[in-house]
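Top to bottom, those sequences are chains A and B. According to the numbering used here, the first sequence is numbered sequentially starting from 207. According to the numbering used here, the second sequence is numbered sequentially starting from -14.
Because the hints were derived from the structure by calculation, they are not lab data. Just so you know, even glycine gets a beta-carbon here, dropped at the ideal spot from N, CA and C. Treat each hint with caution, since some may be false.
Claimed, not checked - Computed beta-carbon distance windows for the label pairs:
1) Val39(B) / Gly303(A): 18 to 24 Å
2) Glu64(B) / Lys220(A): 48 to 54 Å
3) Asn38(B) / Glu285(A): 41 to 47 Å
4) Lys42(B) / Ala288(A): 38 to 44 Å
5) Pro267(A) / Glu(-10)(B): 20 to 26 Å
6) Thr(-5)(B) / Pro214(A): 28 to 34 Å
7) Gly246(A) / Glu68(B): 23 to 29 Å
8) Ser286(A) / Ser3(B): 21 to 27 Å
9) Ala14(B) / Glu285(A): 31 to 37 Å
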Amino acid sequence: NAGVTQTPKFQVLKTGQSMTLQCAQDMNHNSMYWYRQDPGMGLRLIYYSASEGTTDKGEVPNGYNVSRLNKREFSLRLESAAPSQTSVYFCASRLAGRNEQFFGPGTRLTVL
Amino acid sequence: GENVEQHPSTLSVQEGDSAVIKCTYSDSASNYFPWYKQELGKGPQLIIDIRSNVGEKKDQRIAVTLNKTAKHFSLHITETQPEDSAVYFCAASIGASGGSYIPTFGRGTSLIVHP
Chain A
207 NAGVTQTPKF QVLKTGQSMT LQCAQDMNHN SMYWYRQDPG MGLRLIYYSA
257 SEGTTDKGEV PNGYNVSRLN KREFSLRLES AAPSQTSVYF CASRLAGRNE
307 QFFGPGTRLT VL
Chain B
-14 GENVEQHPST LSVQEGDSAV IKCTYSDSAS NYFPWYKQEL GKGPQLIIDI
36 RSNVGEKKDQ RIAVTLNKTA KHFSLHITET QPEDSAVYFC AASIGASGGS
86 YIPTFGRGTS LIVHP
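Chain B extracted, bound-state conformation:
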């Protein structure tokens, strides 16, 4: 089955700095890679995703890059703000086409943005 490794487990940055979280996956059949943000006391929420036919995707201050050959993908947050402080999860899966969709999650990265 799929195995997803996520690093680092904790990331501490100053407000305004950039933050990068990296994930690797093992199953070359995986073609969908979402990133979830979990704020304290809440459930995870999708913030950005990328499919295997795309190398990079941006949404304002966040971006995700994918290297299919190396089987790794990364989340980039620029101009970090205190409200970016949260736990971030990556995941990998074969995208849903009507049937079962079972993502494998990384272990999470706790991002702390210091004012």
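The following block holds chain A by itself, in its conformation from the complex:
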């Protein structure tokens, strides 16, 4: 099992450009999450999907959209990137009824 995979690992964008961060899990998990990690700020939830077909906003959703494409895949889209979105983005997944979240390796995004 690959666990949680994220692509790309690194990305540099110019202000106003758009991009989609991809996340996939092969553990048959029901819930998936997108977090951003900034220095001294911990992990902040952007969006989550409790199950296939549902998505909900987290603590910091502004400027982002998500798609739960199927049970395996959960993508995060930046429609018009801003320098404030420079961060490391982590995707996580969780099996229904269990508390442990499994995190991917992260995507380091820089917006110039």
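Chain A is already provided as a structure; the job is to place chain B on it using the hints.
Below, chain B without anything else, positioned relative to chain A:
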């Protein structure tokens, strides 16, 4: 909503010493408290957790204690080794029972173990 405070932000110890990281939470309904370890360039990984019906839990060199009355919980690492160097996150939440599970994370503690 839940608020989790974590201290210290940086902790530097000598190999073999003990390390303690402390967290407080605000929502008395929270009943599940995990600790994650994040090594450089990787995603966080669960290392130990505790539920509100337990006061202490141990796993080899790591232990977690919980004081529900005071709303604080701590991670204890004994006989630290250089490979313990990482960022540690605490979190608090209402445990999953099939529905949504949204933990609130602390801001992290960077532990440095000097050989």
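Structure-based check of all given hints:
no., hint, verdict
1, Val39(B) / Gly303(A): 18 to 24 Å, "19 Å, holds"
2, Glu64(B) / Lys220(A): 48 to 54 Å, "49 Å, holds"
3, Asn38(B) / Glu285(A): 41 to 47 Å, "45 Å, holds"
4, Lys42(B) / Ala288(A): 38 to 44 Å, "42 Å, holds"
5, Pro267(A) / Glu(-10)(B): 20 to 26 Å, "23 Å, holds"
6, Thr(-5)(B) / Pro214(A): 28 to 34 Å, "30 Å, holds"
7, Gly246(A) / Glu68(B): 23 to 29 Å, "24 Å, holds"
8, Ser286(A) / Ser3(B): 21 to 27 Å, "49 Å, violated"
9, Ala14(B) / Glu285(A): 31 to 37 Å, "36 Å, holds"
When held up to the earlier numbered hints, the structure conflicts with hint 8 and nothing else.
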